[in-house]
Amino acid sequence: MTEPLLDVQDLQVSFATEDGLVRAVDGVSFTLDRGEVVAIVGESGSGKSVTVMTLMGLTRSPNARFAGSARLRGGDLVTASEEELERVRGQEIAMIFQDPISSLSPVMRIGNQIAEQIRAHEKVSKADALDRAADLMERVGIPRARERLRAYPHEFSGGMRQRVMIAMALSLSPSVLIADEPTTALDVTIQAQILKEISQLSRESNSGVIFVTHDLGVVADVADRVLVMYSGRLVEQGTLDEIFYDPQHPYTWGLMGSVTRVDRDPPRRLPAIPGAPPSLLRAPEGCHFRPRCPHAFDRCREVPPLESRLPDAPDHLDRCWLATEDKRVKREVGGRIGLATGDVIK
Amino acid sequence: MARFAVRRMASAILLLFAVSIVVFAIFEVIPSYNPARAIAGRNATPTTVAEVSHKFGFDKPVYVQYGKTMELIFTGQVIDYNDNLNVDSQFAQRFPVTLSLVVPAALLWLVVSIVLGSISALRVGGLADRGIMVAAILGVSIPVFLLAAVLLYLFAFKLPWFPNTGYVPLSDNPAQWAYHLFLPWISIAILSIGFYSRVLRSNLLDMVNEDFVRTARAKGLTKRQVFNRHVLRNSLMPIVTMFGLDFAVLLGGAALVTETVFNLPGIGQYEAQAIGNLDVPPILVGAMFTAFFVVLFSAFNDIVYALLDPRVRLSG
Numbered sequence: 001m002t003e004p005l006l007d008v009q010d011l012q013v014s015f016a017t018e019d020g021l022v023r024a025v026d027g028v029s030f031t032l033d034r035g036e037v038v039a040i041v042g043e044s045g046s047g048k049s050v051t052v053m054t055l056m057g058l059t060r061s062p063n064a065r066f067a068g069s070a071r072l073r074g075g076d077l078v079t080a081s082e083e084e085l086e087r088v089r090g091q092e093i094a095m096i097f098q099d100p101i102s103s104l105s106p107v108m109r110i111g112n113q114i115a116e117q118i119r120a121h122e123k124v125s126k127a128d129a130l131d132r133a134a135d136l137m138e139r140v141g142i143p144r145a146r147e148r149l150r151a152y153p154h155e156f157s158g159g160m161r162q163r164v165m166i167a168m169a170l171s172l173s174p175s176v177l178i179a180d181e182p183t184t185a186l187d188v189t190i191q192a193q194i195l196k197e198i199s200q201l202s203r204e205s206n207s208g209v210i211f212v213t214h215d216l217g218v219v220a221d222v223a224d225r226v227l228v229m230y231s232g233r234l235v236e237q238g239t240l241d242e243i244f245y246d247p248q249h250p251y252t253w254g255l256m257g258s259v260t261r262v263d264r265d266p267p268r269r270l271p272a273i274p275g276a277p278p279s280l281l282r283a284p285e286g287c288h289f290r291p292r293c294p295h296a297f298d299r300c301r302e303v304p305p306l307e308s309r310l311p312d313a314p315d316h317l318d319r320c321w322l323a324t325e326d327k328r329v330k331r332e333v334g335g336r337i338g339l340a341t342g343d344v345i346k
Numbered sequence: 001m002a003r004f005a006v007r008r009m010a011s012a013i014l015l016l017f018a019v020s021i022v023v024f025a026i027f028e029v030i031p032s033y034n035p036a037r038a039i040a041g042r043n044a045t046p047t048t049v050a051e052v053s054h055k056f057g058f059d060k061p062v063y064v065q066y067g068k069t070m071e072l073i074f075t076g077q078v079i080d081y082n083d084n085l086n087v088d089s090q091f092a093q094r095f096p097v098t099l100s101l102v103v104p105a106a107l108l109w110l111v112v113s114i115v116l117g118s119i120s121a122l123r124v125g126g127l128a129d130r131g132i133m134v135a136a137i138l139g140v141s142i143p144v145f146l147l148a149a150v151l152l153y154l155f156a157f158k159l160p161w162f163p164n165t166g167y168v169p170l171s172d173n174p175a176q177w178a179y180h181l182f183l184p185w186i187s188i189a190i191l192s193i194g195f196y197s198r199v200l201r202s203n204l205l206d207m208v209n210e211d212f213v214r215t216a217r218a219k220g221l222t223k224r225q226v227f228n229r230h231v232l233r234n235s236l237m238p239i240v241t242m243f244g245l246d247f248a249v250l251l252g253g254a255a256l257v258t259e260t261v262f263n264l265p266g267i268g269q270y271e272a273q274a275i276g277n278l279d280v281p282p283i284l285v286g287a288m289f290t291a292f293f294v295v296l297f298s299a300f301n302d303i304v305y306a307l308l309d310p311r312v313r314l315s316g
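As given, the protein sequences belong to chains X and Y, one line each in that order.
The first sequence finishes on residue 346 if you use my numbering, and the numbering steps up by one all the way, no holes.
The second sequence finishes on residue 316 if you use my numbering, and the numbering steps up by one all the way, no holes.
Hints listed in this document are in silico derivations from the structure and should not be mistaken for laboratory results.
Accuracy of the hints is not assured; some may be wrong.
What the hints assert, rightly or not - No farther apart than 27 Å at their CA atoms in a straight line, the calculated lysine-lysine pairs in the DSS-like style are these:
#1 Y:158 with X:126
#2 Y:223 with X:123
#3 Y:55 with Y:68
What the hints assert, rightly or not - Simulated restraints on C-beta separations:
#4 Y:202 with X:101: 20 to 26 Å
#5 X:123 with Y:141: 47 to 53 Å
#6 Y:302 with X:173: 41 to 47 Å
To be verified - Footprint (simulated), chain X over chain Y, 3 or more residues, beta carbon under 8 Å:
#7 138 to 149
#8 303 to 310
No residue lacks a Cβ here, since even glycine has one placed at the ideal position from N, Cα and C.
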């Protein structure tokens with residue numbers, strides 16, 4: 001069994017604030033292989049963005065505390081020095097951010113921004129770097145790339161800007177590509193194109209991709225494996241089929257249940273998970289989902305460990321104390337998978 | 001673009017005349033203002049005053065006086081009431097002195113502000129930052145006349161390190177020129193350094209949280225590269241705008257206190273005397289002179305801003 005490209009073990013990220021310690025990421029572990037797309041799904045505040053930004057060292061600040069490790073090609077990203085990180089960023093691991101207009105410098109030409117990425121790691125002349133930038137722009141589907149090199153970000157549409165970000169991120173063929181909600185700020189028609197670009201390009205360069213999103217449709221489209229995060233913790237992890245067709249955690253049932261299906265009559269009320277995610281300052285005792293879970297019982301006051309409870313699927317992990325047979329029954333709501341909005345135990 | 005330039009020039013000319021009218025009107029309204037008496041002298045008899053008044057046309061209607069004065073100004077013939085000097089030539093003679101004072105001081109304060117503001121922002125919350133901010137507030141709070149007088153007293157009088165006022169032209173002796181201007185430069189710079197460094201620090205701190213700075217870091221750029229190419233560049237624009245206007249008014253003679261304290265024969269000193277004597281022609285010319293620079297630098301500002309920030313460029 002070959003060593004995984006990226007190996008995250010028990011990653012913990014906390015922020016010391018005036019009101020106490022905020023445990024933004026509480027023990028997240030996963031691996032990523034070349035050519036694989038892993039999707040991290042969760043609500044806002046679940047810790048998914050903090051997790052991936054920590055891999056790039058972008059969450060470091062005076063009040064941040066880290067534990068655990070994230071090994072990439074033998075080096076640990078969590079404890080790496082700033083110099084080591086500067087070498088790795090852009091070259092081994094690159095990131096596409098959510099909002100392309102604010103993520104590009106407004107006063108620098110597009111070509112120069114891409115060239116800057118290249119020249120940060122390779123000794124090439126400005127002219128050569130710009131040449132490569134034009135090639136990259138063509139690859140991501142920007143027409144008349146050579147002319148557009150001298151354009152500024154505000155002269156491009158949202159979809160084009162995101163393509164520029166993709167071109168920039170892939171310019172040095174990094175082994176890991178992180179996409180943090182890359183299509184959230186774009187309209188749906190462009191979304192499909194961008195997703196295709198990312199999938200295609202990452203397959204071409206054989207990189208591993210971590211795709212952060214809250215959109216299950218996107219997950220179904222691109223992911224090989226899925227990580228479900230809730231309130232700083234990984235609550236379920238498995239292949240795409242396992243998560244969609246055999247989810248083991250009530251929160252995942254809630255997510256699946258809240259998707260309106262095209263092949264059925266629309267429901268009278270949009271199904272939603274009642275309640276709101278807990279404050280990370282005063283997290284509930286035991287399972288974080290307990291206050292919102294209609295199936296919670298006394299054992300839930302004890303933190304469920306992330307492990308496989310399915311003998312046939314040792315890599316399908318979840319954090320729920322319910323017996324497997326119970327889960328199969330409880331998750332059937334109105335003929336499909338969902339979260340029964342019965343008596344919610346506080 | 002040409003239409004834009006023509007429009008700007010037209011409004012500039014209108015502005016200059018508006019300024020002159022306002023200044024003129026102010027003096028019409030001041031109750032004790034009687035230039036004829038000032039010109040005639042202390043012991044003049046009412047007859048003499050009346051003669052002088054007639055000679056200078058003070059008995060004519062306001063708009064006629066205004067027209068005449070404007071004509072004199074633009075033909076280079078206007079005389080000041082107090083010393084009977086040609087105002088235009090006074091301005092011409094004194095302008096190089098003001099330039100010598102203002103230009104190096106402005107460059108000094110610009111460079112020092114950027115350095116101090118940057119250090120402050122990079123080490124925010126630390127000792128250097130707090131120290132610089134306190135010094136900046138002091139700089140902004142000290143009135144110029146006090147600062148200039150104190151500097152003169154301490155470093156020219158108590159400690160004979162610098163000359164005791166006076167001006168030496170650059171063409172005569174560059175070393176002496178700088179030597180005499182050193183304390184005046186400091187006087188002017190300190191106030192602006194205090195202000196500008198605080199503004200820059202604030203801009204830089206805001207900029208650091210911007211998404212594109214995060215992208216720059218994610219590209220693997222070093223901290224210095226991120227700072228110089230992304231943070232600083234984007235933070236300088238407000239500074240440039242402020243600088244344009246500050247510099248313009250200084251060229252027009254706003255450094256009059258410094259010039260007076262250090263006895264530098266510049267435009268500011270002349271204007272200060274004129275104000276003290278309620279001597280209208282120099283005041284009028286001075287106001288228009290300043291307005292001219294303000295208009296000029298406002299236009300410059302627009303151009304520079306467009307150069308720095310491509311988003312504001314007019315199409316075509």
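Which of the numbered hints above does this structure break? Structure breaks hints 1, 7.
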